[in-house]
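A.B. asks: If you want the building blocks of each chain, they are given just below.
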Amino acid sequence: KQEVTQIPAALSVPEGENLVLNCSFTDSAIYNLQWFRQDPGKGLTSLLLIQSSQREQTSGRLNASLDKSSGRSTLYIAASQPGDSATYLCAVNASWGKLQFGAGTQVVVTP
Amino acid sequence: NAGVTQTPKFQVLKTGQSMTLQCAQDMNHNSMYWYRQDPGMGLRLIYYSASEGTTDKGEVPNGYNVSRLNKREFSLRLESAAPSQTSVYFCASSEELYSTQYFGPGTRLTVL
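Chains as they are written, first to last, in the working numbering: chain A, 1 to 111; chain V, 1001 to 1112.
Incorrect hints may appear among the rest.
For each label pair, taking beta carbons as the anchor points, the in silico distance ranges come out as [to be verified]:
#, chain 1, residue 1, chain 2, residue 2, range
1, V, Ser1018, A, Gly60, 29 to 39 Å
2, A, Pro8, V, Thr1007, 31 to 41 Å
3, V, Asp1026, A, Arg72, 16 to 26 Å
4, V, Leu1112, A, Lys42, 33 to 43 Å
5, A, Leu11, V, Lys1009, 25 to 35 Å
6, V, Asp1026, A, Glu15, 32 to 42 Å
7, A, Pro40, V, Pro1008, 15 to 25 Å
8, V, Met1019, A, Ser12, 25 to 35 Å
9, V, Gln1017, A, Arg72, 41 to 51 Å
10, A, Gln81, V, Asp1026, 25 to 35 Å
11, A, Pro82, V, Ser1067, 35 to 45 Å
12, V, Gln1017, A, Val20, 39 to 49 Å
13, A, Gly16, V, Arg1077, 45 to 55 Å
Worth flagging that the hints you see were computed from the coordinates, not collected in a lab. Even glycine gets a Cβ: it sits at the ideal position worked out from N, Cα and C.
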């Protein structure tokens, strides 16, 4: 069974520092991997989707890498801002659109 | 575009009561999903609909039923609510099964 792990569970950084969020998965047979952001009491906002054939995907200050063979993805957020404070979730799509989620990394960016 | 909308936003039920959670999307997506989010358990798929007229079980379907009313709407029904169904429920949609999924704002359900 696919298992998705996100380490660390929580992270606090000063404003301006780059954020590095890790996601690992046990079964490399995936179609794609998606990164989401969730603010307290809100729904999930899609950040990036990276296909299994891609190594990298970028959107503004966000960059996601994927190493399917080693079962790892990393989300980089450049020059963090207090507005980046949220929980970040990764999810792998391995079977018929069924996303398997990690538990998330709670990020606090301090001014 | 409103995206994915869910009603109600909050609901309190007594054990044994029934209710239907409504979800609608205006993005002309083919696929729709229902998830629940619980502390310590993360997000888990309850049911999904790959396209209009089809529904399939996800990871935790027991105690729930779904209806894909048309391309826009996908409802989740609790026939006899139990305290274990206290959770936050999210609806999502995507163009196809392997496309980006877009989530609604959620329904916070408490079963007493």
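A.B. asks: Decide, hint by hint, whether the structure agrees.
C.D. replies: Comparing the hints with the structure gives:
1. Distance hint check: the CB atoms of serine 1018 (chain V) and glycine 60 (chain A) are about 45 Å apart, inconsistent with the given range 29 to 39 Å.
2. Evaluation of the 31 to 41 Å hint for proline 8 (chain A) and threonine 1007 (chain V) yields a pass: the beta carbon distance comes to about 36 Å.
3. In this structure the hint that aspartate 1026 (chain V) and arginine 72 (chain A) lie 16 to 26 Å apart at CB is violated, the actual value being about 36 Å.
4. Evaluation of the 33 to 43 Å hint for leucine 1112 (chain V) and lysine 42 (chain A) yields a failure: the beta carbon distance comes to about 25 Å.
5. Checking the proposed 25 to 35 Å range against leucine 11 (chain A) and lysine 1009 (chain V) shows it holds: the Cβ atoms sit about 30 Å from each other.
6. Judged by the Cβ atoms, the range 32 to 42 Å given for aspartate 1026 (chain V) and glutamate 15 (chain A) holds: they are separated by roughly 37 Å.
7. Taking 15 to 25 Å as the suggested C-beta distance range, the pair proline 40 (chain A) and proline 1008 (chain V) conforms, at roughly 20 Å.
8. In this structure the hint that methionine 1019 (chain V) and serine 12 (chain A) lie 25 to 35 Å apart at CB is violated, the actual value being about 40 Å.
9. A C-beta distance of roughly 45 Å is found between glutamine 1017 (chain V) and arginine 72 (chain A), which places it inside the suggested range of 41 to 51 Å.
10. Roughly 31 Å separates the CB atoms of glutamine 81 (chain A) and aspartate 1026 (chain V), a value that falls within the hinted 25 to 35 Å.
11. Proline 82 (chain A) and serine 1067 (chain V) have their C-beta atoms about 42 Å apart, which keeps the hinted 35 to 45 Å range intact.
12. Restraint check, glutamine 1017 (chain V) to valine 20 (chain A): a C-beta distance of roughly 46 Å satisfies the suggested window 39 to 49 Å.
13. A hinted range of 45 to 55 Å for the beta carbons of glycine 16 (chain A) and arginine 1077 (chain V) is consistent with their spacing of about 49 Å.
The earlier numbered hints that this structure contradicts are 1, 3, 4 and 8.
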